[in-house]
Amino acid sequence: MTAISIAFTLNGSPVSVDVDSAERLLDTLRYRLGLTGTKEGCGEGECGACTVHLDGLPVDSCLVPTYQVRGRRVDTVESLDPPALEPFARGGATQCGACTPGVVMTAWWIRDHPELLGTHTLRELMAGNLCRCTGYDGIVDSIGAVLGERGSA
Amino acid sequence: MTVLLPGSERDALEMLAAADGDAVPIAGATDLLVSWPGRLEDHRKTYVDLSGLAGLRPLRWTGDELVLGGLTSYWDVIRDVRVRQEFPLLVAAARQVGAIQIQVRGTWAGNIVNASPAADGVPVLMAYDAVVELESLRGREEVPLDRFYTGYKEMRRRPDQLVVAIRLPRRPYSVQKFVKVGSRRAQAIAKVGLAITRAAAGWRVVAASMAPTIRRCPTIERLLEEGAPVRGPDDLLPAIARDVSPIDDIRSTAAYRKRVMARVLYYELREACGWRA
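Chains as they are written, first to last, in our numbering: chain A, 1 to 153; chain B, 154 to 430.
Pulled out of the complex, with its shape left as it was, chain A reads as follows (with noise of 0.2 Å):
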């Protein structure tokens, strides 16, 4: 294991940190950068718990190796302004919140991208984040209400 120092843009402000050279993205925000609102879900790319944006695209940060992300801008679910998840709250978008972290941070990017509705369905954008308690319906119900286009999935 090799030590890596990388500088990046962290919600908006410069960070610079020494990582190992196996660390997830995940861990070095978690652990060595104190943001917990990522979470693990599945720690293999399927469930989406611990999705974040890199570059403006969202990713799970599980499987991104830390030094890929130098002179890289990585945004969190703590970049999000609490007032603006209110829907996900009116619509029972979450039940546990395992899965809501990844989830919002999909649904702002797909806020932040309509075009994308004209190739892609709403459920198809957020397939790669999962549910435990199979929440879909809220959830797709909720993007749609920040969407201000509720049913359009």
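No lab work stands behind these hints: they were computed from the structure.
This structure is a prediction, so every number in the text was calculated from the model and none was measured.
It is possible that part of the hints are untrue.
Once the Cα atoms are required to be at most 25 Å apart in a straight line, the calculated SDA-like pairs of lysine to any residue come out as [unchecked claim]:
#, chain 1, residue 1, chain 2, residue 2
1, B, K198, B, L166
2, B, K198, A, S21
3, B, K198, A, R70
Now the in silico label distances, taken between C-beta atoms and shown as ranges [what the hints assert, rightly or not]:
#, chain 1, residue 1, chain 2, residue 2, range
4, B, Q238, A, C42, 48 to 54 Å
5, A, A84, B, Q238, 34 to 40 Å
6, B, Q238, A, R32, 34 to 40 Å
7, A, G37, B, E294, 45 to 51 Å
In this text, a Cβ means the ideal position worked out from N, Cα and C, and glycines have one as well.
Got chain A sorted already, so can you dock chain B onto it with the hints?
Below, chain B alone, put in the same frame as chain A:
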């Protein structure tokens, strides 16, 4: 784990050559990290990280080819309007790789060299007669994808070679199909995958999860070229038995895979081939 961070493609080639066969190129890292906890031998290897080599990322068009870069991702292809029009199977397959979070990280070249018999990207590339462009300090080499694999996880890439491009000829197609049969559409590994094209160059039928490698099916292609009468899925079983050798594993059984392949072929091609029961 040792990671080398090349500043240029040339640096990367020098690192691979200097490692004398012991360095592994790494791009999106999805295939590596998904098996990381269970594969301790991977922890001792040296990796040459390509993710910073921006020049390898873009796809480009020439008069007669689409050229994917060594780092072109599934998402790069999905978002390209022209690819959607001219090579729709690339988009269809890319949209069934994992989900968005994987599609933005995974690369076509990585899918080729990871050499999974269940790869989603490789069948459609092969059905479009893709050519793999390999580069090393010793020069450039081109290998047609349908001759790239020599056995399970074995391929015509030396450890000092990088896949720097994947070239696809631009042609009119009269048939283009991609079917992936899995437990669900997203986040699933194929039980059976099929990519089928027909152009002036002839039929291409490529099967996934049906043999130790992704492979073309020459007997079925010949049957289609000859316009042999097919009255139902079962008529295709003898040709399937000649072309592929599926196994029983955690995802499916050999018998199921063959039956499904016959049914998919029959119902996808019935109209184009004028087959009547």
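Verification of the supplied hints:
1. Pair hint B:K198 plus B:L166 holds up; C-alpha atoms about 17 Å apart against a cutoff of 25 Å.
2. As the CA atoms of B:K198 and A:S21 are separated by approximately 12 Å, the hinted pair is consistent with the 25 Å bound.
3. At roughly 21 Å between alpha-carbon atoms, B:K198 and A:R70 fall within 25 Å of each other, so this suggested pair holds.
4. The supplied range of 48 to 54 Å is broken by B:Q238 and A:C42, whose beta-carbon atoms lie about 36 Å from each other.
5. A hinted range of 34 to 40 Å holds for the C-beta pair A:A84 and B:Q238, which are about 37 Å apart.
6. Judged by the Cβ atoms, the range 34 to 40 Å given for B:Q238 and A:R32 is violated: they are separated by roughly 45 Å.
7. Evaluation of the 45 to 51 Å hint for A:G37 and B:E294 yields a pass: the beta carbon distance comes to about 48 Å.
Checked against the numbered hints listed earlier, the structure breaks hints 4 and 6; every other hint is satisfied.
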